[in-house]
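Sequences listed follow chains P and L, in order.
According to our numbering, the stretch in the first sequence is residues 529 to 871, in order.
According to our numbering, the stretch in the second sequence is residues 529 to 871, in order.
Check the hints yourself; a few may be wrong.
A pair holds if it fits inside one copy or across any two, identical chains being indistinguishable in the list.
[Said to hold, decoys possible] Pairs of lysine-lysine, BS3-like flavour, derived with a Cα cap of 25 angstroms: (1) 714 - 664; (2) 688 - 857; (3) 713 - 664; (4) 680 - 690.
Derived from the structure by calculation, the hints contain no laboratory data.
There are 2 protein chains.
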Amino acid sequence: MEQRTEVASLGEFGLIDRLTKNNEIRNASTIVSVGDDAAVIDHFGRQTVLSTDLLLEGIHFDLSYTPLKHLGYKSVIVNLSDIYAMNATPTQVLVSIGFSNRVSVEALDEFYAGVYAACEEHHVDLVGGDTSSSQKGLIISVTAIGEVAPDKFVQRSGAKDKDLICVSGELGGAFLGLTLLEREKKIFETTGAQPDLEGQSYIVGRILKPQARKDVIADFASSGLQPTSMMDISDGLSSDLLHICKESNVGCVLYEDKLPVNEDARAFAYKLQLDPTACALSGGEDYELLFTIAQEDYDKVKNNPLYSVIGYITPPEEGKHIITRAGNKHALVAQGWNHMKEH
Amino acid sequence: MEQRTEVASLGEFGLIDRLTKNNEIRNASTIVSVGDDAAVIDHFGRQTVLSTDLLLEGIHFDLSYTPLKHLGYKSVIVNLSDIYAMNATPTQVLVSIGFSNRVSVEALDEFYAGVYAACEEHHVDLVGGDTSSSQKGLIISVTAIGEVAPDKFVQRSGAKDKDLICVSGELGGAFLGLTLLEREKKIFETTGAQPDLEGQSYIVGRILKPQARKDVIADFASSGLQPTSMMDISDGLSSDLLHICKESNVGCVLYEDKLPVNEDARAFAYKLQLDPTACALSGGEDYELLFTIAQEDYDKVKNNPLYSVIGYITPPEEGKHIITRAGNKHALVAQGWNHMKEH
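Work out the full structure: start from the sequences and follow the hints.
Written out as structure tokens, the structure reads:
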């Protein structure tokens, strides 16, 4: 039988002591960390980048198929992804958690094990947060801080006519992983049959343990590539690219045959009679980086397995389109993640 | 009839546009604000201070007697108080909010009106956040960022033997205000009688609209006073002073007759047959600053209406005590806020 310690038996400060006892300081800039009213960070004239996200049970995650360690890991990763999407390097995170009395200390240990794993992988320090009881459901709030050399940050608003549209990694996998998990959950609830995730580790990993593209930012630095605009794909490629177009006041053309879709994901989509292109365009939570570059920088991305060049930017009056494999031109529409989940 | 707009009719981005349309940038250091993946802040070599708090409906606030504008204001203020408690100046905040479909856009407008009022009063910028639907209850997470001249920050761990213990303002009022509001709520639920808050604006203001002590930090700067330790009083004087003692490895002596209690608060305590000293020691949420200073700095606080000198620091082996008006010595115990609420 697993040990279960009631949170109440530790008290708030006992709990914090326990949850932070293995917290390591990795950056010289971290002067004061967990345990005081606030964290102190030294900067030496670089620019500080901040991002925050709420993750709520029943809205953003389902504990019936999300291990707490994965949840802690992902909660940090999705925030680091926002920092990388600014072309910045994450340095610190603050993690707050609200939980009901059904949550044991061991469960919180698992959650924080995931938090620390993400911190270690990305060389960031957990420097603060808050813990609270909640009446119902697990509530997570993460704030990430990063730094960037003066004026090297990349916004959504800088895309220019004729720029190339690029994306890292592969798209649609997280949506397909979620679809599989939701399907297996329903089957379990109806028939009691254990989930069958055989051979689907790629898509399940994409939803439960997404990666933040540290390697992409490192590659930009080493090749000297400065994207003209960038964001991370959380809502889905269409929705997020339309954001860049709106903020930059430009149009765009995408090519269906250029969209990077993993072979396992494609096979599973066909099995469910879903269109892999629709999954790539509208599935969310891939946490890949979507960015635009000036044409003269094409040499810095071509033949690099990190990237796919998937289209180009146009003047705003030309609209936003996708060219299908058959050569047809369709308007690009924002059918995000939430839309797909409902159907 | 009041207008009610469903949040769904605006969509997430429409909602953010609406909620941030009056957002003013006040600090030259704010380079990128709301509307991108993350905020960018320039620092010029000063030290950055970060703090975050979760505020959850049913745990930290009760909407049956808390106006949303006050809640927005207080959510920011309690975080700024943590920044001041480091002897730092707040510069930016991130505000995240999760809400169910019973919350209208007008209600969110009210909440943000309070957020912006606090920002304006303290000259800070709202630079980001997150919005989400929640299954149940209002969920608020605020992160505050501040700056401080190199190595001028004040921690909880610096109190030394013979230092004087000081506190700003007056104590116990917020607890008495909460007690009154809870009592009137029960009367309303039982009898339908409208709340009678006549003549109690001081204590009600202390709980619903607390102040963060910007003026104290400004006074430290102008008098050249560097406290040896400091924290803000959120759990109650006893509990928070015991924290300073633990972190500094020291003991303390408090004097009952030195504890600053407002006359209106004292009168209301007597009316409820509560001990005003117990309210000052164990009532929380006063958000006053508790700090220690070296004896040679006494001239910088004496005769200053901002402060009361309430005791002194001792070696750890002498323990933590309070001397009553009658001259008796009692051990100081941490009966925080939550304890009092339960009884």
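To see whether the hints hold, each was checked on the structure:
1. 714 - 664: both (23 angstroms within a copy, 23 angstroms between copies)
2. 688 - 857: within (22 angstroms within a copy, 74 angstroms between copies)
3. 713 - 664: Classified as both: same-chain Cα gap 21 angstroms, cross-chain 23 angstroms, threshold 25 angstroms.
4. 680 - 690: within (21 angstroms within a copy, 50 angstroms between copies)
The structure agrees with every numbered hint stated previously.
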